[in-house]
Amino acid sequence: MKFQDEFRDRKLVEIMGDNIRRMARQLRRPVNFMEVCGTHTMSIYQYGIRSLLPDNVHLVSGPGCPVCVTPVGYVDNALSCAVEPGNIVATFGDMLRVPGSSSSLMEQRALGADVRIVYSPLDAVALAAGNPSRRVIFLGVGFETTAPAVAASILEAARQGLDNYFVLSSHKTMPKPMEILTADPELNLAGYLCPAHVSTVIGGKAYSELAQRFHIPCVVTGFEPADVMQGIEMLLGQVLKAESRVEIQYCRAVTWDGNPKAQAILERVFSPGDAEWRGLGVLPDSGLNIREGLSMFDAAKVLDLPEVAGIEHTACRCGEVLRGKLAPFDCQLFGTACTPEEPVGSCMVSSEGTCAAAYKYGR
Amino acid sequence: MCLGVPMKILSRDGDNIVAEVDGVQKEASLMLLGEDVAVGDYVIVHAGFAISRLDEAYAEETIRLMKEVFAPEDMQ
Ligand code: SF4
Chain A
1 MKFQDEFRDR KLVEIMGDNI RRMARQLRRP VNFMEVCGTH TMSIYQYGIR
51 SLLPDNVHLV SGPGCPVCVT PVGYVDNALS CAVEPGNIVA TFGDMLRVPG
101 SSSSLMEQRA LGADVRIVYS PLDAVALAAG NPSRRVIFLG VGFETTAPAV
151 AASILEAARQ GLDNYFVLSS HKTMPKPMEI LTADPELNLA GYLCPAHVST
201 VIGGKAYSEL AQRFHIPCVV TGFEPADVMQ GIEMLLGQVL KAESRVEIQY
251 CRAVTWDGNP KAQAILERVF SPGDAEWRGL GVLPDSGLNI REGLSMFDAA
301 KVLDLPEVAG IEHTACRCGE VLRGKLAPFD CQLFGTACTP EEPVGSCMVS
351 SEGTCAAAYK YGR
Chain B
1001 MCLGVPMKIL SRDGDNIVAE VDGVQKEASL MLLGEDVAVG DYVIVHAGFA
1051 ISRLDEAYAE ETIRLMKEVF APEDMQ
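In the order they appear, the protein sequences are chains A and B.
The opening residue of the first sequence carries number 1 in this note's numbering; numbering runs sequentially from there.
The opening residue of the second sequence carries number 1001 in this note's numbering; numbering runs sequentially from there.
In case anyone wonders, no lab produced these hints; they're calculated from the structure.
For each residue, glycine too, the CB sits at the ideal point set by N, CA and C.
Incorrect hints may appear among the rest.
[Stated by the list, open to error] Listed below are the simulated SDA-like cross-link pairs for lysine to any residue, each with C-alpha atoms no more than 25 Å apart in a straight line:
| no. | chain 1 | residue 1 | chain 2 | residue 2 |
| --- | --- | --- | --- | --- |
| 1 | A | Lys261 | B | Ser1029 |
| 2 | B | Lys1008 | A | Trp256 |
| 3 | A | Lys241 | A | Arg25 |
| 4 | B | Lys1008 | A | Glu6 |
| 5 | A | Lys11 | B | Glu1061 |
| 6 | B | Lys1067 | A | Glu6 |
| 7 | A | Lys360 | B | Asp1041 |
| 8 | B | Lys1067 | A | Glu233 |
| 9 | B | Lys1067 | A | Lys261 |
| 10 | A | Lys11 | A | Leu59 |
| 11 | A | Lys261 | B | Asp1041 |
| 12 | B | Lys1008 | A | Pro54 |
| 13 | B | Lys1008 | A | Pro340 |
[Claimed, not checked] Simulated restraints on C-beta separations:
| no. | chain 1 | residue 1 | chain 2 | residue 2 | range |
| --- | --- | --- | --- | --- | --- |
| 14 | A | Asp274 | B | Val1005 | 45 to 51 Å |
| 15 | A | Gly161 | B | Glu1068 | 28 to 34 Å |
| 16 | A | Thr336 | B | Asp1036 | 49 to 55 Å |
| 17 | A | Val282 | B | Leu1010 | 19 to 25 Å |
| 18 | A | Ala242 | B | Asp1013 | 48 to 54 Å |
| 19 | A | Pro132 | B | Leu1065 | 36 to 42 Å |
| 20 | A | Pro185 | B | Val1039 | 37 to 43 Å |
| 21 | A | Pro306 | B | Leu1065 | 21 to 27 Å |
| 22 | A | Val83 | B | Leu1065 | 40 to 46 Å |
[Unchecked claim] Coverage of chain A stretches by chain B, computed from C-beta distances (three or more under 8 Å per stretch; other residues unrestricted):
| no. | segment |
| --- | --- |
| 23 | 116 to 122 |
| 24 | 139 to 149 |
| 25 | 239 to 247 |
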């Protein structure tokens, strides 16, 4: 297909690597670029992008996998919904294996809890409509890519007048954690490969404050290997010219203003608020809360959720992996106690997780 | 789960489309898409919703720019 084959052309990607090496010779010191999107992480491992880069250009993975940044306490809340008789928990598939304090949705499902995997949040609304005597709780996790779809499901449930559809919302929004990581002297980031599909919604403009205030180059980059290589080239170009701007490499899908209709639906359903990120803690203005007027769909408000423990496995180092401080291979559980089949931490669960990508594709 | 897939629109009925990638067909909603799209256009589908149109002209332009970085000797 037009949008894939050419962007996966090995020869093109290798030549781009040569160009990057030429550019990197002019660097006065090594640079660290962070990719903030799980799909980039996957692509970088899958296509062996690191092996095409010179020694002085490092790629660091950031907190870009929604399942990975979801705190254990949220999983515990989801588990308490699942074990309540009569409830149906509807979720995207990769939440199933995420370990809570003492169990996972997968385990609870095996023990009889009604946990259903859905492809679209609208499927969860249909479940609610088809099971009027039961409560359907949809697990709303994800960034601005996913949050509009969940918002649309709430509006659809409202339109249908459903009173048994609830969303347990733990949506996160993007530029904030990037500010925090930029300010971290240990990471010493020189540029961002900004997320591709998040940016289809929020637009390139969402990063302009970050680029200006923190003097850090930002390039909204696509997922194919040639996209990633070009994103790195563009970042290097800015570094060499001592610039810090937002550029859009992925211009076939992302505009400066983003998707106004999706933004309007987000705005109608959610208001910005603090959110807890695994590995980063509570960050102000980095999450989305369901608005007051729609709180009848807010599982956290309507359902009587018990206090949860939110205990992480002591040896899991997901927090450091998510902050770009530790490579998965350096976690002592990697590939031994922790594998995609039996994950200990969230980074090993979703295929976009850094540990899962590293496990599947190796260095 | 964050995966968005570029798909080609096969048919459209109001806000609902059927789109295809690699021979797999899926239904998706246009509820979140501001731009008007037609059968034959490409869109990025995520969690059952089209969230962005893929601009073929820009795709070609991007490939052209990528190939421009080829040094003359590389192009042979
Ligand atoms: S390898 Fe497993 S235990 Fe170690 S940081 Fe990754 S997810 Fe956590």
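A quick look at each hint next to the structure:
1. As the CA atoms of Lys261 (chain A) and Ser1029 (chain B) are separated by approximately 13 Å, the hinted pair is consistent with the 25 Å bound.
2. Proposed proximity of Lys1008 (chain B) and Trp256 (chain A) is supported: the alpha carbons are some 23 Å apart, at most 25 Å.
3. Taken as a hint, the Lys241 (chain A) and Arg25 (chain A) pair is honoured in the structure, with Cα atoms around 14 Å apart against an allowance of 25 Å.
4. The hinted pair formed by Lys1008 (chain B) and Glu6 (chain A) meets the criterion: a straight-line CA distance of about 17 Å does not exceed 25 Å.
5. About 18 Å separates the Cα atoms of Lys11 (chain A) and Glu1061 (chain B), which keeps this hinted pair within 25 Å; it holds.
6. For the hint linking Lys1067 (chain B) to Glu6 (chain A), the alpha-carbon distance of about 11 Å falls within 25 Å, and the restraint holds.
7. About 34 Å separates the Cα atoms of Lys360 (chain A) and Asp1041 (chain B), which puts this hinted pair outside 25 Å; it is violated.
8. Proposed proximity of Lys1067 (chain B) and Glu233 (chain A) is supported: the alpha carbons are some 13 Å apart, at most 25 Å.
9. For the suggested pair Lys1067 (chain B) and Lys261 (chain A), the alpha carbons sit about 34 Å apart, so the restraint of at most 25 Å is broken.
10. With a CA separation close to 21 Å, the supplied pair Lys11 (chain A) and Leu59 (chain A) stays within the 25 Å bound.
11. Of the supplied pair hints, the one linking Lys261 (chain A) and Asp1041 (chain B) holds, its CA atoms being roughly 19 Å apart against a limit of 25 Å.
12. Using a Cα cut-off of 25 Å, the hinted pair Lys1008 (chain B) and Pro54 (chain A) is violated, with the two alpha carbons roughly 37 Å apart.
13. For the hint linking Lys1008 (chain B) to Pro340 (chain A), the alpha-carbon distance of about 32 Å lies beyond 25 Å, and the restraint is violated.
14. The hinted range of 45 to 51 Å is not satisfied by Asp274 (chain A) and Val1005 (chain B), whose Cβ atoms lie roughly 32 Å apart.
15. For the pair Gly161 (chain A) and Glu1068 (chain B), the beta carbons lie near 56 Å from each other, so the given range of 28 to 34 Å is not met.
16. For the hinted restraint 49 to 55 Å between Thr336 (chain A) and Asp1036 (chain B), the CB-CB distance of approximately 53 Å keeps it satisfied.
17. At roughly 45 Å, the beta-carbon separation of Val282 (chain A) and Leu1010 (chain B) lies outside the given 19 to 25 Å, and the hint is violated.
18. The supplied range of 48 to 54 Å is met by Ala242 (chain A) and Asp1013 (chain B), whose beta-carbon atoms lie about 53 Å from each other.
19. Between Pro132 (chain A) and Leu1065 (chain B) the beta carbon distance is about 55 Å. The supplied range of 36 to 42 Å is therefore violated.
20. Distance hint check: the CB atoms of Pro185 (chain A) and Val1039 (chain B) are about 53 Å apart, inconsistent with the given range 37 to 43 Å.
21. Evaluation of the 21 to 27 Å hint for Pro306 (chain A) and Leu1065 (chain B) yields a failure: the beta carbon distance comes to about 55 Å.
22. Evaluation of the 40 to 46 Å hint for Val83 (chain A) and Leu1065 (chain B) yields a failure: the beta carbon distance comes to about 54 Å.
23. Counting residues of the segment 116 to 122 of chain A whose C-beta sits closer than 8 Å to any C-beta of chain B gives 4, which meets the bar of three, so the coverage hint holds.
24. For a cut-off of 8 Å, the count of residues in the segment 139 to 149 of chain A with a CB near a CB of chain B stands at 7, and the three-residue condition holds.
25. Coverage of the segment 239 to 247 of chain A by chain B is violated. Counting CB-CB distances below 8 Å, 0 residues qualify, and the rule asks for three or more.
Hints 7, 9, 12, 13, 14, 15, 17, 19, 20, 21, 22, 25, counting from the list given before, are not met by this structure.
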